[in-house]
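**Student:** Chain by chain, the residues:
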Amino acid sequence: MSPRREPAMVDPVEFTSYYGRPILKEPAWKQPDVPLYLFLGGAAGSSATMASLATLTGRPGLARVGRLVAAAGASASVVALVHDLGRPARFLHMLRVLKPTSPLSVGSWILAPFSGLAAVSAGSAETGLLRPVGKLAGAAAGVLGPAMCTYTAVLLADTATPSWHEARRHLPVLFAGSAVTSGAGAALLAAPSAELGPVVRAGLAGAVAELAVAQHLEHGLGIVSEPYRTGRAGKLMKAARGLTAAGAALSLAARRSKVAAVASGAAYLAAGLCTRFGVYQAGVASAQDPKYVVVPQRERLAQARGD
Amino acid sequence: MAEYGEQPRMGFFTDTSVCIGCKACEVACKEWNEVPGGGLDLLGTSYDNTGDLGANAWRHVAFVEQPVPPAPPAVELGMPTVGAPTQDGDAEEPGVRWLMSSDVCKHCTHAGCLDVCPTGALFRTEFGTVVVQQDICNGCGYCVPACPYGVIERRESDGRAFKCTLCYDRLGAGLEPACAKACPTDSIQFGVLDELRERADERVRDLRGSGVPEARLYGRDPDDGVGGDGAFFLLLDEPEVYGFPPDPVVPTQHLPQMWKRAGAAALGVAGTLVVSFLGRRR
Chain A
1 MSPRREPAMV DPVEFTSYYG RPILKEPAWK QPDVPLYLFL GGAAGSSATM ASLATLTGRP
61 GLARVGRLVA AAGASASVVA LVHDLGRPAR FLHMLRVLKP TSPLSVGSWI LAPFSGLAAV
121 SAGSAETGLL RPVGKLAGAA AGVLGPAMCT YTAVLLADTA TPSWHEARRH LPVLFAGSAV
181 TSGAGAALLA APSAELGPVV RAGLAGAVAE LAVAQHLEHG LGIVSEPYRT GRAGKLMKAA
241 RGLTAAGAAL SLAARRSKVA AVASGAAYLA AGLCTRFGVY QAGVASAQDP KYVVVPQRER
301 LAQARGD
Chain B
1 MAEYGEQPRM GFFTDTSVCI GCKACEVACK EWNEVPGGGL DLLGTSYDNT GDLGANAWRH
61 VAFVEQPVPP APPAVELGMP TVGAPTQDGD AEEPGVRWLM SSDVCKHCTH AGCLDVCPTG
121 ALFRTEFGTV VVQQDICNGC GYCVPACPYG VIERRESDGR AFKCTLCYDR LGAGLEPACA
181 KACPTDSIQF GVLDELRERA DERVRDLRGS GVPEARLYGR DPDDGVGGDG AFFLLLDEPE
241 VYGFPPDPVV PTQHLPQMWK RAGAAALGVA GTLVVSFLGR RR
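If you read the protein sequences in the order shown, they are chains A and B.
Mapping of the first sequence onto the numbering used here: residues 1 to 307, in sequence order.
Mapping of the second sequence onto the numbering used here: residues 1 to 282, in sequence order.
These aren't lab readings, by the way, just hints derived from the structure by calculation.
Each hint should be verified, as a subset may be incorrect.
As the list claims (entries may be wrong) - Pairs of lysine to any residue residues, derived as SDA-like cross-links and limited to a Cα-Cα distance of at most 20 Å, are as follows:
#1 Lys-30/A with Gln-257/B
#2 Lys-99/A with Val-68/B
#3 Lys-181/B with Ala-200/B
#4 Lys-260/B with Val-143/A
#5 Lys-99/A with Lys-181/B
Said to hold, decoys possible - So the derived label-pair ranges between C-beta atoms look like this:
#6 Val-208/A with Arg-97/B: 52 to 62 Å
#7 Leu-92/A with Arg-208/B: 51 to 61 Å
#8 Gly-222/A with Asp-186/B: 36 to 46 Å
#9 Gly-58/A with Gly-271/B: 19 to 29 Å
#10 Leu-252/A with Val-274/B: 19 to 29 Å
#11 Glu-14/A with Leu-267/B: 38 to 48 Å
#12 Gln-134/B with His-216/A: 41 to 51 Å
#13 Arg-97/B with Val-13/A: 50 to 60 Å
#14 Pro-36/B with Gly-61/A: 39 to 49 Å
#15 Arg-97/B with Gly-222/A: 52 to 62 Å
#16 Asp-186/B with Leu-92/A: 42 to 52 Å
#17 Val-274/B with Ala-212/A: 14 to 24 Å
Because the structure is a prediction, the values reported are computed rather than measured.
We treat Cβ as the ideally placed atom computed from N, Cα and C, and that holds for glycine.
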């Protein structure tokens, strides 16, 4: 992205609050558990789909990496989620009901089968046991993979947290792009260079989507874009953009140079981490300042009155 | 007890114009519901040392000190007076007014916390209130950012989410909630929601007619972003002055659109990957 500096912001906004105290509670989830889970779930989802496609198109090395990343990523994200619970012993309560109004309930019903299928697929392929079952599990995980990549965007957007809720149209695309580049990053690190063609192409597409949407998040949402540009979240989002662009550029040389492939993979993975932690932090910052609640809601009221 | 289906929706009407800031509601709530204390924590801004609603504060009395324009001079009746003549300018001194308001869970018609709860721990009772079943809650914390009022919170010492139950146990026994029972000025009124709304409309009319034009109801309108509150308020200033959001919207209002968007993005991922694997065998 261009290094062009923004001109000074608009005049400081006027608003009233109760002694400057936050109106909303900030998300109760732990860091790094939940941002890490967003990252791992996305990488696992796209890797499972890549593994299926690599199997179908006769790329065994890439398929193996995809299966292992999917299994490891999904298992680790289950651990992160359970660790985040206030009552971890009650994690099975997540599967007590299936509620379409709760993205976390729907997500649990995606994550639970996905992690099981990914583990069976990788376990079977590595040990040679139950081959037909393993293949079927791998194919099913590949079908669930794209859902793993994007449902977490709804998880964040379906809250009153201003910078997440107002970004509800953009987060799914950002998370989809970021999941594809993260999956591509893992494959670039570990898969044989001869099989990297599709990975490079997918990574480039993911990077373009991610960069375009990040730009909109940081500038297109009015006052609730501010948390994406400032403070710790701003630094993380900026780093994510730089790393994504670097990963995409380096990936062009990945099939000729192992060094370029590893550097590109590492950059993509680091970008994925920065994106997820950056988006998470922007949401927290927007809940901490009553400005991001009062100002947009006042504007909405004024608009409703005017029309 | 009424049969199922006959029980009308119950709620609170908190008339802040008669709140005296005694905090009896906060104390009665803590006593009855065994809500833990938070230790002595002086906030240094006002008489309010509770700060906000949370896992350990299910009622919260806000104190707002405001400068107000001087009262208009009394009409001169030409009556004989005693004492020193008043000096011009005395009446010009700006005054101060105190706004006090006892905040509580709104028990929304469309409750974000209830919608997003993945375990079904949060449920709607036969009284139309929203309550956490503590034996089900696994402390996932999703309800916390889903509340557009910032009410519900995870109790760190326990791990589960807590908030006002509108004294579900007392209602079941035919009693009124502890806070309403303890309120000495009837600022907190408990009753059938429809009746409370009528009473509130009348009260606003009276106040406006008697020289309090700034009186307004907050959370009474069934067409607002949360479908109206089961606990609503009469305020004497803008909602944000008391720490309320001016136009809260339940986040799940936009959920169908979000699922569609995420579904489209997931198809985009699948399509991108399939296309990437087509073509050249390299």
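**Student:** Does each hint fit the structure? Answer for all of them.
**Tutor:** Results of checking the hints against the structure:
Between Lys-30/A and Gln-257/B, the direct Cα distance comes to roughly 28 Å. Violation of the 20 Å bound is thereby established for this hinted pair. Using a Cα cut-off of 20 Å, the hinted pair Lys-99/A and Val-68/B is violated, with the two alpha carbons roughly 50 Å apart. Using a Cα cut-off of 20 Å, the hinted pair Lys-181/B and Ala-200/B holds, with the two alpha carbons roughly 19 Å apart. Of the pairs offered as hints, the one joining Lys-260/B and Val-143/A holds, with about 18 Å between alpha carbons and a cut-off of 20 Å not exceeded.
This hinted pair does not check out: Lys-99/A and Lys-181/B have alpha carbons roughly 37 Å apart, beyond 20 Å. Distance hint for Val-208/A and Arg-97/B: a CB-CB separation of about 58 Å, consistent with the stated range 52 to 62 Å. Restraint check, Leu-92/A to Arg-208/B: a C-beta distance of roughly 55 Å satisfies the suggested window 51 to 61 Å. Distance hint for Gly-222/A and Asp-186/B: a CB-CB separation of about 42 Å, consistent with the stated range 36 to 46 Å.
Distance hint check: the CB atoms of Gly-58/A and Gly-271/B are about 21 Å apart, consistent with the given range 19 to 29 Å. For the pair Leu-252/A and Val-274/B, the beta carbons lie near 22 Å from each other, so the given range of 19 to 29 Å is met. Restraint check, Glu-14/A to Leu-267/B: a C-beta distance of roughly 44 Å satisfies the suggested window 38 to 48 Å. Restraint check, Gln-134/B to His-216/A: a C-beta distance of roughly 42 Å satisfies the suggested window 41 to 51 Å.
Checked against the given bound of 50 to 60 Å, the beta carbons of Arg-97/B and Val-13/A, roughly 26 Å apart, lie outside it. For Pro-36/B paired with Gly-61/A, a C-beta distance near 57 Å fails the hint of 39 to 49 Å. Our hint of 52 to 62 Å for Arg-97/B and Gly-222/A is violated, since their Cβ atoms are close to 34 Å apart. Checked against the given bound of 42 to 52 Å, the beta carbons of Asp-186/B and Leu-92/A, roughly 46 Å apart, stay inside it.
Checking the proposed 14 to 24 Å range against Val-274/B and Ala-212/A shows it holds: the Cβ atoms sit about 21 Å from each other.
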